[in-house]
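Novice: Starting from the known structure of chain A, fit chain B onto it as the hints suggest.
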Amino acid sequence: MDSLQLLLDGFATALTPVNLLYALAGVTLGTLVGVLPGIGPAMTVALLLPITFNVPPASAFIMFAGIYYGGMYGGSTTSILLNTPGESSSMITALEGNKMARRGRAAQALATAAIGSFVAGTIATGLLVVAAPVVVDFAISFGPEDYFALAVLAFTAVSSVLSRSVVRGLASLGFGLVIGLIGIDEQTGQARLTLGIPQLLGGIEVVVVAVGLFALGEALYVASRLRHGEPEIIPVGRAFMGRSDWSRSWRPWLRGTALGFPFGALPGGGAEIPTFLSYSVEKRLARGAAREEYGRGAIEGVAGPEAANNASAAGTLVPLLTLGLPTSATAAILLAAFQQYGLQPGPQLFDHNPALVWGMIASLFLGNAMLLVLNLPLAPLWAKVLHVPRPYLYAGIVLFAALGVYALNASWIDLVVLYILGLLGFAMRRFGLPIAPAVIGMILGPMAEIQLRRALAIGAGDATVLVRSPIAAAILAVAFLVLFIPLVRALTRPGRAAG
Amino acid sequence: MSSSHEAPRSPREPEGAAGGSAVPDASGTAPRPAAPDSARWGWRRPELVLALTVLGLGVFVIVGTADVTAAGSALGLGPRFFPLLVGSAMVLIGVFYVIDVLRGGHGDPEEAEDVDASAPADWKTVALVSVIFLAFAGLVDLLGWIIAGALLFFGLAVALGAGHRLRAGAVAIILSTSSYLAFVKGLGVTLPAGLLSGVI
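Keeping their order, the protein sequence lines are chains A and B.
Sequential numbering from 1 applies to the first sequence in the UniProt record's numbering.
Sequential numbering from 1 applies to the second sequence in the UniProt record's numbering.
The hints are simulated quantities; they were obtained by calculation from the structure and are not laboratory data.
Worth double-checking, as some hints may not be accurate.
25 Å max Cα-Cα, derived SDA-like pairs, lysine to any residue [claimed, not checked]:
id: 1; chain 1: B; residue 1: 185; chain 2: A; residue 2: 340
id: 2; chain 1: B; residue 1: 185; chain 2: A; residue 2: 54
id: 3; chain 1: A; residue 1: 384; chain 2: B; residue 2: 169
id: 4; chain 1: A; residue 1: 384; chain 2: A; residue 2: 412
id: 5; chain 1: A; residue 1: 283; chain 2: A; residue 2: 296
id: 6; chain 1: A; residue 1: 384; chain 2: A; residue 2: 258
id: 7; chain 1: B; residue 1: 185; chain 2: A; residue 2: 25
id: 8; chain 1: A; residue 1: 384; chain 2: B; residue 2: 164
id: 9; chain 1: B; residue 1: 185; chain 2: A; residue 2: 55
id: 10; chain 1: B; residue 1: 185; chain 2: A; residue 2: 17
id: 11; chain 1: A; residue 1: 384; chain 2: A; residue 2: 234
id: 12; chain 1: A; residue 1: 384; chain 2: B; residue 2: 179
id: 13; chain 1: B; residue 1: 124; chain 2: A; residue 2: 226
id: 14; chain 1: B; residue 1: 185; chain 2: B; residue 2: 170
id: 15; chain 1: A; residue 1: 384; chain 2: B; residue 2: 111
id: 16; chain 1: A; residue 1: 283; chain 2: A; residue 2: 258
id: 17; chain 1: A; residue 1: 384; chain 2: B; residue 2: 182
id: 18; chain 1: B; residue 1: 185; chain 2: A; residue 2: 283
id: 19; chain 1: B; residue 1: 185; chain 2: A; residue 2: 341
id: 20; chain 1: B; residue 1: 185; chain 2: A; residue 2: 412
Chain A side only, calculated, beta carbon under 7 Å to chain B, not exhaustive [unchecked claim]:
id: 21; residue: 168
id: 22; residue: 171
id: 23; residue: 177
id: 24; residue: 223
A partial selection of chain A residues facing chain B, derived with a Cβ cut-off under 7 Å [what the hints assert, rightly or not]:
id: 25; residue: 170
id: 26; residue: 190
id: 27; residue: 456
All C-beta atoms, glycine included, are put in the ideal place defined by N, C-alpha and C.
Bound-form chain B, shown alone:
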């Protein structure tokens, strides 16, 4: 599973250059964010963080399983063998990934229906979505699915730009209530009732 021979060639194929996904050029008309400085600013590019994460995760797997010892049968391999294999592979891949990024290679942002790949990243919305979701995770047991789910939907819809708040609120309540009823009463899945436990 060595990647050693690939690293030098992976960087920068031009847009539409039918690499792995084998896409004909016709779709390549969409503008893609140019990265003119990518080669020069290799040390500052955010992709480096992801490449270093791969490397770090490899080290973590090797170090993190250090306490997993023995117990393996005399014949077979212990529980640490496979993690060592995976960890070493990750370190190797991570090294090549880092080198690739430093040499100016970059992956193309995925294109999707609702994504404007040429727009600058809107970190405020990402942070808002994150806060809303984590708040939901922390409160769902206390508030119950219906209330927490409605707040989650409403919060996300507004954060993503829903103009009509009253309508968003109504949709939120309908969706969370109907999903609760469908899954709990209809499909027998357990969801917390929370504050509404006596009511529904």
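So here's chain A without its partners, still in its complex pose:
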């Protein structure tokens, strides 16, 4: 099989000592930063982006793959030991995981999360290997109108699925789109919305937006309502689990993987829906001891959602690598990392840079294995990270956010822009606007514009060109229908929506 050969070549790239070192550094840093409370996978990737500024692309993406998966592992440790309701993707893990930990089963909860993440990550990365060439073959015939339709679908899906209120999701998307407009229009050289500030001619970089909305926004939000008093952290030894835990865990792992991967690949799917679905599926299937334990710390409720979480992370890479379509905030930042090297993910990337793409995919397998080794015995070490005093933690986050942004252009104006975006991120948190649509709108907006103008230029100004291809028409129809998901959800659950 062709892709198998390419994958083997990828392993040859990833297994060089230097690249193994980059992978190890990536997973270690990713876990370390991901464990820190208040830092989700998206912020982890955004904060660590500057580290790769001067690293050659293949190594940088191997490192990034490690950071991406490491951040996911780290997040689950936090939610089990600290009960974090904040971060959406590991929120579900906290439900049963933290209760397990409170009952003295922290080691088992961490073990099933880590091993489940490994199993799910490995299977899902395998699925990525199978699916990516298929999607590439399919997408090679895509015209600009198809890409435009895909971007619109990503916009509406992320705005309506991630938010309780479509207006708030769309408002967040709009902020992102407007930020994406700033700077010189590539096709005509006209400056747009730069307010006469020369530093804005090049546009606002994605790192500044992501770090501003996530890191500085979070720091300001925390400053406004810092929880005083020591957080309760459950002490833990080496992560392990017994025979009965294994037999109770393996089915949820597989079911979680089956749910996580396809949802991760869908626009707006992300990790929230599959983790929740996995949680309810396991709850419904629970029998005997598991049924009694559910709600008080059942291992199934950790195993399933954690597997779904990691499988969705691999699923997200399918549209990102094959179509250049980010379906989550983290994926949008990864896309920015590609663009930083002048690379545009899509069918052409597989043609022009096979070594890079397959090296990255191979390193996902390696990183996953490293994370398992890193997480089982070292759990007590990661648990210590949770004790970082909060004033130091948030001061440190701001310091590194400033470093990453300042290192871009050595310009203090970037720091002021960072602060303004931090204020926006603060307001969005305060009033319940999801952050992900803004990040996706900012990075995908300019691409949508290029494809739209290209499509209309081909159609000589005739707007029907946008729906002439059946694929584009179908995608646009779905994009429109997706906006009604919350409405349907509210109608089908009258008892809950009333109150």
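Specialist: Chain B in isolation, oriented as in the chain A frame:
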């Protein structure tokens, strides 16, 4: 991308009501700030400012690109077409957002590990953090990364409630110095040396 059909239904789902984020109820035990007067005091609520910002930004995009003209090729669209699209969408979204807020709809403050959602907003700390950060932005070129970064960390840590000042100062100096060395010497990233330019 019309939002017209959604606006009326978005307001107030109760806490834990598994809206977009699909969260089961079990986490909904955390107290959330009640907004009993939200419907009556629609005109005074701070969320209205954010909704009006959306609306205003839409207008700004439309007006602000008025000078961006021509140059578009005969066939394709000029550089103003997409901004007009985005601006109009923002105005539309902004109108529905404002209506939603006036009708008593509200977004739930995001929950996070270190956030006490029921506490009243501590504006003094927010202002302090802002001043420290903006001062850092203005002084970093002059003072250099090590000094400015250490001051930034120290200032923020103390503002956020670090009790032990000597320790905070030591951590600040270690962090800013080691980050400078790691990034400049190790990773080849450019950071200003500032006052210490001869020394390090």
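Novice: Please go over all the hints and tell whether each is borne out by the structure.
Specialist: Hints versus structure:
no., hint, result
1, B:185 <-> A:340, "22 Å, holds"
2, B:185 <-> A:54, "12 Å, holds"
3, A:384 <-> B:169, "22 Å, holds"
4, A:384 <-> A:412, "35 Å, violated"
5, A:283 <-> A:296, "12 Å, holds"
6, A:384 <-> A:258, "33 Å, violated"
7, B:185 <-> A:25, "18 Å, holds"
8, A:384 <-> B:164, "20 Å, holds"
9, B:185 <-> A:55, "14 Å, holds"
10, B:185 <-> A:17, "22 Å, holds"
11, A:384 <-> A:234, "10 Å, holds"
12, A:384 <-> B:179, "22 Å, holds"
13, B:124 <-> A:226, "12 Å, holds"
14, B:185 <-> B:170, "22 Å, holds"
15, A:384 <-> B:111, "23 Å, holds"
16, A:283 <-> A:258, "16 Å, holds"
17, A:384 <-> B:182, "24 Å, holds"
18, B:185 <-> A:283, "53 Å, violated"
19, B:185 <-> A:341, "22 Å, holds"
20, B:185 <-> A:412, "22 Å, holds"
21, 168, "5 Å, holds"
22, 171, "5 Å, holds"
23, 177, "5 Å, holds"
24, 223, "5 Å, holds"
25, 170, "5 Å, holds"
26, 190, "5 Å, holds"
27, 456, "6 Å, holds"
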